[in-house]
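There are 2 protein chains.
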Amino acid sequence: MKIFCSKDSLISGVNAVQRAVSVKNTLPVLSGILISAEKQSLRFAATDLELGIRCEIPAQIEEEGTIVVPAKLFAEVVRKLPDTMITIKEENLAITIYYYQSEITLRGYDPEEYPLLPDLIDPMSYTIPTLIFKNMIRQTIFSCAVEENRPVFNGTLMQIEGSNLRLVATDTHRLAYSISEVENPKNASFNGIIPAKTLAEIYRLLKDEDESIQISFNKTQVVFQFGLIYLVSRLIDGMFPNYKQVIPQTCETKINLSVKNFLEAVERASLLSHDKSGANIIRIKVESTQLKIDQTTELGKISEQIEVTTQGNDVMIAFNAKFLIDALKVIDTDQIIFELSGPYSPGVMRPLDNPNYLYLVLPVRIS
Amino acid sequence: MKIFCSKDSLISGVNAVQRAVSVKNTLPVLSGILISAEKQSLRFAATDLELGIRCEIPAQIEEEGTIVVPAKLFAEVVRKLPDTMITIKEENLAITIYYYQSEITLRGYDPEEYPLLPDLIDPMSYTIPTLIFKNMIRQTIFSCAVEENRPVFNGTLMQIEGSNLRLVATDTHRLAYSISEVENPKNASFNGIIPAKTLAEIYRLLKDEDESIQISFNKTQVVFQFGLIYLVSRLIDGMFPNYKQVIPQTCETKINLSVKNFLEAVERASLLSHDKSGANIIRIKVESTQLKIDQTTELGKISEQIEVTTQGNDVMIAFNAKFLIDALKVIDTDQIIFELSGPYSPGVMRPLDNPNYLYLVLPVRIS
Chain A
1 MKIFCSKDSL
11 ISGVNAVQRA
21 VSVKNTLPVL
31 SGILISAEKQ
41 SLRFAATDLE
51 LGIRCEIPAQ
61 IEEEGTIVVP
71 AKLFAEVVRK
81 LPDTMITIKE
91 ENLAITIYYY
101 QSEITLRGYD
111 PEEYPLLPDL
121 IDPMSYTIPT
131 LIFKNMIRQT
141 IFSCAVEENR
151 PVFNGTLMQI
161 EGSNLRLVAT
171 DTHRLAYSIS
181 EVENPKNASF
191 NGIIPAKTLA
201 EIYRLLKDED
211 ESIQISFNKT
221 QVVFQFGLIY
231 LVSRLIDGMF
241 PNYKQVIPQT
251 CETKINLSVK
261 NFLEAVERAS
271 LLSHDKSGAN
281 IIRIKVESTQ
291 LKIDQTTELG
301 KISEQIEVTT
311 QGNDVMIAFN
321 AKFLIDALKV
331 IDTDQIIFEL
341 SGPYSPGVMR
351 PLDNPNYLYL
361 VLPVRIS
Chain B
1 MKIFCSKDSL
11 ISGVNAVQRA
21 VSVKNTLPVL
31 SGILISAEKQ
41 SLRFAATDLE
51 LGIRCEIPAQ
61 IEEEGTIVVP
71 AKLFAEVVRK
81 LPDTMITIKE
91 ENLAITIYYY
101 QSEITLRGYD
111 PEEYPLLPDL
121 IDPMSYTIPT
131 LIFKNMIRQT
141 IFSCAVEENR
151 PVFNGTLMQI
161 EGSNLRLVAT
171 DTHRLAYSIS
181 EVENPKNASF
191 NGIIPAKTLA
201 EIYRLLKDED
211 ESIQISFNKT
221 QVVFQFGLIY
231 LVSRLIDGMF
241 PNYKQVIPQT
251 CETKINLSVK
261 NFLEAVERAS
271 LLSHDKSGAN
281 IIRIKVESTQ
291 LKIDQTTELG
301 KISEQIEVTT
311 QGNDVMIAFN
321 AKFLIDALKV
331 IDTDQIIFEL
341 SGPYSPGVMR
351 PLDNPNYLYL
361 VLPVRIS
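Chains A and B are the protein sequences, given in the same order. For what it's worth, the working numbering labels the leading residue of the first sequence as 1, then goes sequentially. For what it's worth, the working numbering labels the leading residue of the second sequence as 1, then goes sequentially.
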């Protein structure tokens, strides 16, 4: 292999694939990045066998070739290169980087040992605008369970039916739901659970200038393509719970309130409700035009009062503060409708005048 | 106590003093911030008995009073307050913060139990421009020892003689020296070792708009005053080594080289010289117009070559890469003079055309 490229191109390639590099290192070659120069294109690829990322970078290829380089060291070296044209040569399982009158040689691994990223054959394919998909990820991913012995809750359900794309995430205590339109020329449908790590990676890599993202799949894998990036992920095996059954269709109390005021009040109250047991429960009282949070703990006392508009019954209900804060931070509208039905039924937040998102949160039973 | 002030004023007060709050908490009251409203001025103060900081903040005092509030919780609450005029009342060892229609009450501690920050009586006092002093701290503090059983190396020597102020820091492997002019109307002199933590705190708190900093002292303490801040620190007991004896007056090789090129080459070489033992030694070879770093480790091989101007002998010498990088990062000139005298004598870096700074580094003996 012999190629010429800029430092910035190398950095963009490393940044794109580095998070897919295996950190467990059961197989030494998986701690590397596969670099291949073929037919006027330079490609970086990495996989931990669950998530794989491939990225094309601008380069001038003088001689084709393939090698696996140690990911961490290669990334550190690339970031410290001078801003000049870089020459890279590969020979005898070693890669040499030339700049000015200096050079660095790193030992590599045999590319034959590196697993191939699968190319999906004849995949059904959807297209969705980047900004919309990015926002859908942001508004749902935080509701995935972090550590769970039921893997379905570590992922987000992606459902495509006709021109609708839905993302649904739940950790069984709360559920975030987002829907938008998708281009679906073949009118195919899809139902798969995507690991939260995969979506987090897509969120990180999606640039605002990437106009759209193309989604393809087979029974066990899903592929996302955008810009110069090809990302393939396994799907999580299992049945996602029937979320439609959980979402209440009616409510006894409908509260219209400011996201900012509510968020700030809950954040302050949560500072005082962190008790030694780690619980962080806040009690909300809604009485006609007032929403109140009153509590006394060993640290002190808080009494928050917000002006709201209410339809229906007065209510007292308690929530885990974190579950309210998480959602209030990602909702983009100024106002929400908060729907409650007594102290034992889930609360549902909906952005005002935006039927494409909802967040459901279970209350905490208090004595 | 009853006062009115803005959220921003409260935040500036908390930010100024919070780092002086004791983290060890042997005495519970020391985990707090002393708030006192007296004679139209609101003061925040905190001390861990080694370092004490007092800060005046803009406020309207309606009723005088004093209380100690729990530092961490008070800081968190203040940061989450809305941007509006805040009212604070103190009563029965509790403080209540009012905003809009809401309020938070925190339990406090008895201010009688809080140690007083000493006011230096009739102190000798010096004045130095902020930007100069800030830069002197930045260019020396990194050479202090971090963990040492000889406390003198955990501080920086401050020496004032006539119109000269010197800062000198060493961990016995390297030494940083900086000198500048000071206003010294009474022609007094001072020689004290200031804890690195104190100087780091001053560096953090000094704002560019604070024009000058006033330094006063007695035998055991030093006081720095700038803006609305009064900072008092104990001095470290003990004899600082005679640094003048250590600095070589002559050299066998004088190298004129670019700080940027040298820094980048050393940084790259250090990536490859991190071996499993944690040592990070790089070998430098100077031959007339070339400075070369050539090394081969288990990770790979590097060969760096920089154009330099040399007077004197060729030389081969090895250094701990970190000790070179630390200094090259704080030197502000484009070029330095690097003075060497064979492989066993210290190297001395001086910024080109700036006699006010020098950095001495001991070589590593290599087999």
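Keep in mind that the hints were calculated from the coordinates and are not lab data. Bear in mind the structure is a predicted one, so any value in this text is a computation, not a measurement. The reader is advised that the hints may include incorrect statements.
A pair holds if it fits inside one copy or across any two, identical chains being indistinguishable in the list.
[What the hints assert, rightly or not] Straight-line alpha carbon distances no greater than 20 Å define the calculated EDC-like cross-link-like pairs of lysine to aspartate or glutamate that follow:
| no. | residue 1 | residue 2 |
| --- | --- | --- |
| 1 | 80 | 334 |
| 2 | 89 | 64 |
| 3 | 285 | 103 |
| 4 | 7 | 267 |
| 5 | 186 | 332 |
| 6 | 72 | 267 |
Going down the list of hints, with the structure as the test:
{"no.": "1", "hint": "80 with 334", "verdict": "between (44 Å within a copy, 19 Å between copies)"}
{"no.": "2", "hint": "89 with 64", "verdict": "within (10 Å within a copy, 75 Å between copies)"}
{"no.": "3", "hint": "285 with 103", "verdict": "between (68 Å within a copy, 16 Å between copies)"}
{"no.": "4", "hint": "7 with 267", "verdict": "between (44 Å within a copy, 16 Å between copies)"}
{"no.": "5", "hint": "186 with 332", "verdict": "neither (33 Å within a copy, 63 Å between copies)"}
{"no.": "6", "hint": "72 with 267", "verdict": "between (39 Å within a copy, 15 Å between copies)"}
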